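Engineer: One letter stands for each residue in the lines below.
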Amino acid sequence: GQQLNQSPQSMFIQEGEDVSMNCTSSSIFNTWLWYKQDPGEGPVLLIALYKAGELTSNGRLTAQFGITRKDSFLNISASIPSDVGIYFCSGGSNYKLTFGKGTLLTVNP
Amino acid sequence: DTGVSQDPRHKITKRGQNVTFRCDPISEHNRLYWYRQTLGQGPEFLTYFQNEAQLEKSRLLSDRFSAERPKGSFSTLEIQRTEQGDSAMYLCASSFETTYNEQFFGPGTRLTVL
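Chains U and G supply the protein sequences, listed in that same order. Counting in the working numbering, the first sequence runs from 1 upward without gaps. Counting in the working numbering, the second sequence runs from 1 upward without gaps.
No lab work stands behind these hints: they were computed from the structure. There may be inaccurate statements among the hints.
Okay, derived cross-link-like pairs now, BS3-like style, lysine-lysine, Cα gap no bigger than 30 Å in a straight line [as the list claims (entries may be wrong)]: (1) U/Lys101 / U/Lys51; (2) G/Lys57 / G/Lys11; (3) U/Lys101 / G/Lys57; (4) G/Lys57 / G/Lys71; (5) U/Lys101 / G/Lys14; (6) U/Lys51 / G/Lys57; (7) G/Lys57 / G/Lys14; (8) U/Lys51 / U/Lys70; (9) U/Lys70 / U/Lys101; (10) G/Lys11 / U/Lys101; (11) G/Lys71 / G/Lys11; (12) G/Lys57 / U/Lys70.
Derived coverage of chain G by chain U (criterion: at least 3 residues anywhere in the stretch with Cβ under 8 Å from a Cβ of chain U; other residues may be distant) [said to hold, decoys possible]: (13) 14-27; (14) 101-111.
Predicted, not measured: the structure shown is a model, and the values here were computed from it. In this text, a Cβ means the ideal position worked out from N, Cα and C, and glycines have one as well.
Starting from the given sequences, assemble the full structure and let the hints guide the process.
Structural biologist: The following block contains the structure:
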């Protein structure tokens with residue numbers, strides 16, 4: 001089946017630093033999405049990407065849909081304590097989302 | 001709050017019991033999805049509905065699992081004869097048909113099977 005390789009598994013950064021995480025796949029996806037999940041809650045959609053090469057921003061977040069359609073990255077600029085959580089990349093096909101294992105982000109104030 | 005809601009938020013049951021979870025999607029969305037998430041993993045697709053029709057089921061959905069969406073609004077997920085391996089977070093999501101990959105998730109139901 002389809003698998004997404006998400007890296008890094010975890011990151012420990014200081015408040016104000018920039019963060020980058022990425023996701024690769026052996027398969028092509030129509031859509032790439034990035035979600036954030038807090039403990040005990042469901043994932044929250046951050047950014048959706050629809051075209052190869054597309055670069056999209058949402059506030060301090062920037063994500064890109066790789067040209068090969070097999071990868072995506074997410075950057076967070078000027079991190080703040082509330083950025084703490086687990087970030088998931090997700091590849092979308094006709095009806096289902098396939099998720100990576102997540103990147104646990106810890107921000108030290 | 002007009003987001004996806006799920007009930008209950010937590011369920012503890014003994015092995016062999018049946019459990020049922022409910023999901024109320026965003027009212028304008030005609031697609032509804034169920035996912036399962038275990039510790040340290042991302043959500044895994046189980047099944048989805050378009051209106052009241054169940055259009056796809058994952059191989060993860062054994063015959064002990066059944067999902068319904070009788071009127072095309074809320075959905076239920078039932079697990080019969082629960083096993084310890086069923087312990088997980090069960091997530092519901094919904095979307096428009098036209099933007100089917102922009103799925104909005106509920107808070108989940110945490111199931112613990114003793």
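Engineer: Take the hints in turn and mark each one as holding or not.
Structural biologist: For each hint, the structure was consulted:
no., hint, result
1, U/Lys101 / U/Lys51, "holds, 23 Å"
2, G/Lys57 / G/Lys11, "holds, 24 Å"
3, U/Lys101 / G/Lys57, "holds, 22 Å"
4, G/Lys57 / G/Lys71, "holds, 19 Å"
5, U/Lys101 / G/Lys14, "holds, 29 Å"
6, U/Lys51 / G/Lys57, "holds, 27 Å"
7, G/Lys57 / G/Lys14, "holds, 26 Å"
8, U/Lys51 / U/Lys70, "holds, 12 Å"
9, U/Lys70 / U/Lys101, "holds, 16 Å"
10, G/Lys11 / U/Lys101, "holds, 24 Å"
11, G/Lys71 / G/Lys11, "holds, 25 Å"
12, G/Lys57 / U/Lys70, "holds, 25 Å"
13, 14-27, "violated (count 0)"
14, 101-111, "holds (count 9)"
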